[in-house]
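> Let the hints inform the model, and build the full structure from the sequences given.
Read in order, the letters of the sequence shown correspond to residues 1 to 671 in this note's numbering.
Read the hints as simulated data drawn from the structure, not as lab findings.
It cannot be assumed that every hint is accurate.
Once the Cα atoms are required to be at most 20 Å apart in a straight line, the calculated DMTMM-like pairs of lysine to aspartate or glutamate come out as [unchecked claim]:
{"hint": "1", "residue 1": "Lys668", "residue 2": "Glu564"}
{"hint": "2", "residue 1": "Lys498", "residue 2": "Glu564"}
{"hint": "3", "residue 1": "Lys37", "residue 2": "Asp548"}
{"hint": "4", "residue 1": "Lys380", "residue 2": "Glu659"}
{"hint": "5", "residue 1": "Lys268", "residue 2": "Asp291"}
{"hint": "6", "residue 1": "Lys217", "residue 2": "Glu194"}
{"hint": "7", "residue 1": "Lys650", "residue 2": "Asp662"}
{"hint": "8", "residue 1": "Lys647", "residue 2": "Asp548"}
{"hint": "9", "residue 1": "Lys467", "residue 2": "Asp442"}
{"hint": "10", "residue 1": "Lys236", "residue 2": "Glu284"}
{"hint": "11", "residue 1": "Lys527", "residue 2": "Glu485"}
{"hint": "12", "residue 1": "Lys200", "residue 2": "Asp149"}
{"hint": "13", "residue 1": "Lys236", "residue 2": "Glu194"}
{"hint": "14", "residue 1": "Lys506", "residue 2": "Asp548"}
{"hint": "15", "residue 1": "Lys289", "residue 2": "Glu267"}
{"hint": "16", "residue 1": "Lys498", "residue 2": "Glu485"}
{"hint": "17", "residue 1": "Lys328", "residue 2": "Asp298"}
{"hint": "18", "residue 1": "Lys262", "residue 2": "Glu284"}
{"hint": "19", "residue 1": "Lys262", "residue 2": "Glu226"}
{"hint": "20", "residue 1": "Lys250", "residue 2": "Asp297"}
{"hint": "21", "residue 1": "Lys527", "residue 2": "Asp548"}
{"hint": "22", "residue 1": "Lys507", "residue 2": "Asp465"}
{"hint": "23", "residue 1": "Lys262", "residue 2": "Asp220"}
{"hint": "24", "residue 1": "Lys326", "residue 2": "Asp313"}
{"hint": "25", "residue 1": "Lys281", "residue 2": "Asp220"}
{"hint": "26", "residue 1": "Lys262", "residue 2": "Asp286"}
{"hint": "27", "residue 1": "Lys163", "residue 2": "Glu194"}
{"hint": "28", "residue 1": "Lys368", "residue 2": "Glu330"}
{"hint": "29", "residue 1": "Lys537", "residue 2": "Glu665"}
{"hint": "30", "residue 1": "Lys200", "residue 2": "Glu226"}
{"hint": "31", "residue 1": "Lys540", "residue 2": "Asp662"}
{"hint": "32", "residue 1": "Lys250", "residue 2": "Asp298"}
{"hint": "33", "residue 1": "Lys163", "residue 2": "Glu123"}
{"hint": "34", "residue 1": "Lys281", "residue 2": "Asp291"}
{"hint": "35", "residue 1": "Lys81", "residue 2": "Asp64"}
Label-pair ranges, simulated between beta-carbon atoms [stated by the list, open to error]:
{"hint": "36", "residue 1": "Asp297", "residue 2": "Lys217", "range": "28 to 34 Å"}
{"hint": "37", "residue 1": "Lys527", "residue 2": "Thr152", "range": "50 to 56 Å"}
{"hint": "38", "residue 1": "Ile183", "residue 2": "Asp126", "range": "48 to 54 Å"}
{"hint": "39", "residue 1": "Pro475", "residue 2": "Val510", "range": "17 to 23 Å"}
{"hint": "40", "residue 1": "Pro348", "residue 2": "Ile469", "range": "27 to 33 Å"}
This one's a predicted model, so the numbers in the text were calculated from it and none came from an experiment.
Each residue gets a CB set at the ideal place from its N, CA and C atoms; glycine is no exception.
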Amino acid sequence: MKLKSIYFVLFAASYLLLQCMPPSPDPILTTINRDLKDPLLQKISYEQDHQITDSLLTYFHHKDPTYRYAAAMAFGSVQDKTVLDSLAILLKDTLEEVRMAAAYAIGQQGDLRGEQFLIGAFEQYDSLGQYKRSNGAILEAVGRCASKDFLTSLSSISTYSHKDTFLLEGQARGIYRYSLRKIIDPTGTSKMLEFVNNPKYPSSVRLMGANYLGRTKNIDITDNVEALSQTFEQDKDPRIRMALALALNKIQQPRAIQSLLKQLSIEKDYRVKCNIIRALKSFEYDAVKTDIWAALDDSNAHVAQTAAQFFVDNGVPQEAKLYRLKAKEEYSWPIQISLLEAASRHLPLYMTNTKGAINAELKRRYEKSINPFERAQTLKALAEFGWNYQYLQRQLPLLQSPIEKTALIEALEKITTHLDFYKTFGGNFRRVSQQLGIQFIDALKSGDVGMMAVAARALRHENIDFKTILLDSLPTIVNAQQSLELPQSIEIYNELQKTIDLFNGKKTTVPKIVAHNHPIDTSLFAKISSNPSASIKTNKGTIQLRLDASLAPGSVLNFIQLAESGYYQGKYFHRVVPNFVIQGGCARGDGYGGLDYTIRSEVPIAYYDTEGYVGMASAGKHTEGTQFFITHSPTPHLDGNYTIFAKVIKGMEVVHQIEAGDVMEEVKINY
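So, in structure tokens, the structure goes:
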């Protein structure tokens, strides 16, 4: 009995002791879950899609960082400046990924008030590197929203070692984001030169520096011609070389042209060749023409077409007849038409017989061809001779293809923009101006959205005062705008609004944003994994994509629904810009088509830092629909503005072969 009593006492004492102890705290969660089968993540996606900001803010205090992170990321796309104070709280979150998301979202708001929050959250004494990623995100974010005064401070940071990748990336991206806002400083340019010319820096940092030097206008890098030329010639990364080719374009010195021509002769990457050809436009024609003629025979179609375009843009009258002769050689039709266009553009006006022969050849090609893209390019080539406007006007009633109709109005627009417009038409310029203006008004009345968009733009061109010529046309323009069906015609609506504002004497236009009209069907999340794949079968081969539903759920679901409905079958890649993008999915084939809805822009942290990213084409915030593009190379100027929803995982060689007019034969989704 005594032993039992002892056991009872010990048990009772232990029980009482346990009851008096405080409960164990909940474990601190430190991982981010991106699986969209999580009902709460689906709810956050729904609230982001509907922009229910009050509900999104409630997740900022959730114990699970997954939801704090997702809600902060949502504001990178929603962009509501009233939430800055709330986002600032997350800059001190216990989890660094949440801090990064908050910094990014604050930058995306583009509000100068974000500067104080970001700078205040920067962990200046982070000797252990605990916050190196979030500090890097802060440096990038200030480039999106901070004042010009801070750019010098950002550019002057010199304490980071070559191994501080996150901090260096943040600094480089911050300086670049400033430049995209047209804010530059010599210290920023010097820092980017330092990054590019020193191979010890991480490749991601050097890439950002190279893109800054290649893309930013009004920077002086002349004193760095030798260092840049050596880097351009010796760097093994084609992404660096293609950007530096455009940087050397800014330096009018023999060393720069020597470097470009040397590399063009030995370069293996077609993308670098395209940029070299574009860069050579800044130099004397006679010094580069031999190399451009050689590029015209390149086995890569993009290089050859870029070379042909060089002669259109930069040719000289002395060689106009040569362009015409070369057009007779066995080149592909895009090159032949470009050479005829170059001949027509640069041939002196007094050489009427030769001009007549060129026009006759273009008309013959146009009337003989059954390819709508060839016919469209030929129509625009005919516009090089202003008096062809009469021939073009006569063709319009005969056209059926939207591709050709839009191209014809673009051709008439091109005539109005000619620098020698008044010289071409002489004393007839008033009559011709009025006839062209009336044609543009008729295009607005047609109801054809492609023709309407181009005509609205043409009426604003400063070369001709259509506002005065078409005194009574404003009601017609307003009626044309009111006839449009929204949301699918929002791009055309805003083009017309610019024209209406100009005719009313307003200097700026606030674009209309359509109401939310195509919500995410969250029930579809149960059907897909976070990263399904898609196969795009084209006439050139198959392109395989990995879709990223965790990054852009609405865009992925939209793409899947379109693919499974058969929408993409038979659609063209209607736009191809060498060493930039291929774009497809237009219902009309001219870039102005879609379906009767728009979806939200989704732009969380994601970078167009290499080739093969798939983004949604857009005419402004929340105007995406059916059209998408695939990148040929890094395009960091698109970061944060264009939805990334997929990445090419196989078939990039097919992407590089696609030309305008190639077709999507089938798109399959693989779950």
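> Take the hints in turn and mark each one as holding or not.
Going through the hints against the structure:
no.: 1; hint: Lys668 <-> Glu564; in the structure: holds, 7 Å
no.: 2; hint: Lys498 <-> Glu564; in the structure: violated, 37 Å
no.: 3; hint: Lys37 <-> Asp548; in the structure: holds, 14 Å
no.: 4; hint: Lys380 <-> Glu659; in the structure: holds, 18 Å
no.: 5; hint: Lys268 <-> Asp291; in the structure: holds, 15 Å
no.: 6; hint: Lys217 <-> Glu194; in the structure: holds, 18 Å
no.: 7; hint: Lys650 <-> Asp662; in the structure: holds, 18 Å
no.: 8; hint: Lys647 <-> Asp548; in the structure: holds, 8 Å
no.: 9; hint: Lys467 <-> Asp442; in the structure: holds, 16 Å
no.: 10; hint: Lys236 <-> Glu284; in the structure: violated, 29 Å
no.: 11; hint: Lys527 <-> Glu485; in the structure: violated, 33 Å
no.: 12; hint: Lys200 <-> Asp149; in the structure: violated, 29 Å
no.: 13; hint: Lys236 <-> Glu194; in the structure: holds, 18 Å
no.: 14; hint: Lys506 <-> Asp548; in the structure: violated, 43 Å
no.: 15; hint: Lys289 <-> Glu267; in the structure: holds, 18 Å
no.: 16; hint: Lys498 <-> Glu485; in the structure: holds, 18 Å
no.: 17; hint: Lys328 <-> Asp298; in the structure: holds, 17 Å
no.: 18; hint: Lys262 <-> Glu284; in the structure: holds, 16 Å
no.: 19; hint: Lys262 <-> Glu226; in the structure: holds, 14 Å
no.: 20; hint: Lys250 <-> Asp297; in the structure: violated, 27 Å
no.: 21; hint: Lys527 <-> Asp548; in the structure: holds, 14 Å
no.: 22; hint: Lys507 <-> Asp465; in the structure: holds, 15 Å
no.: 23; hint: Lys262 <-> Asp220; in the structure: violated, 23 Å
no.: 24; hint: Lys326 <-> Asp313; in the structure: holds, 16 Å
no.: 25; hint: Lys281 <-> Asp220; in the structure: holds, 18 Å
no.: 26; hint: Lys262 <-> Asp286; in the structure: holds, 16 Å
no.: 27; hint: Lys163 <-> Glu194; in the structure: holds, 15 Å
no.: 28; hint: Lys368 <-> Glu330; in the structure: holds, 17 Å
no.: 29; hint: Lys537 <-> Glu665; in the structure: holds, 5 Å
no.: 30; hint: Lys200 <-> Glu226; in the structure: holds, 19 Å
no.: 31; hint: Lys540 <-> Asp662; in the structure: holds, 8 Å
no.: 32; hint: Lys250 <-> Asp298; in the structure: violated, 25 Å
no.: 33; hint: Lys163 <-> Glu123; in the structure: holds, 18 Å
no.: 34; hint: Lys281 <-> Asp291; in the structure: holds, 12 Å
no.: 35; hint: Lys81 <-> Asp64; in the structure: violated, 25 Å
no.: 36; hint: Asp297 <-> Lys217: 28 to 34 Å; in the structure: holds, 33 Å
no.: 37; hint: Lys527 <-> Thr152: 50 to 56 Å; in the structure: holds, 52 Å
no.: 38; hint: Ile183 <-> Asp126: 48 to 54 Å; in the structure: violated, 27 Å
no.: 39; hint: Pro475 <-> Val510: 17 to 23 Å; in the structure: holds, 22 Å
no.: 40; hint: Pro348 <-> Ile469: 27 to 33 Å; in the structure: holds, 29 Å
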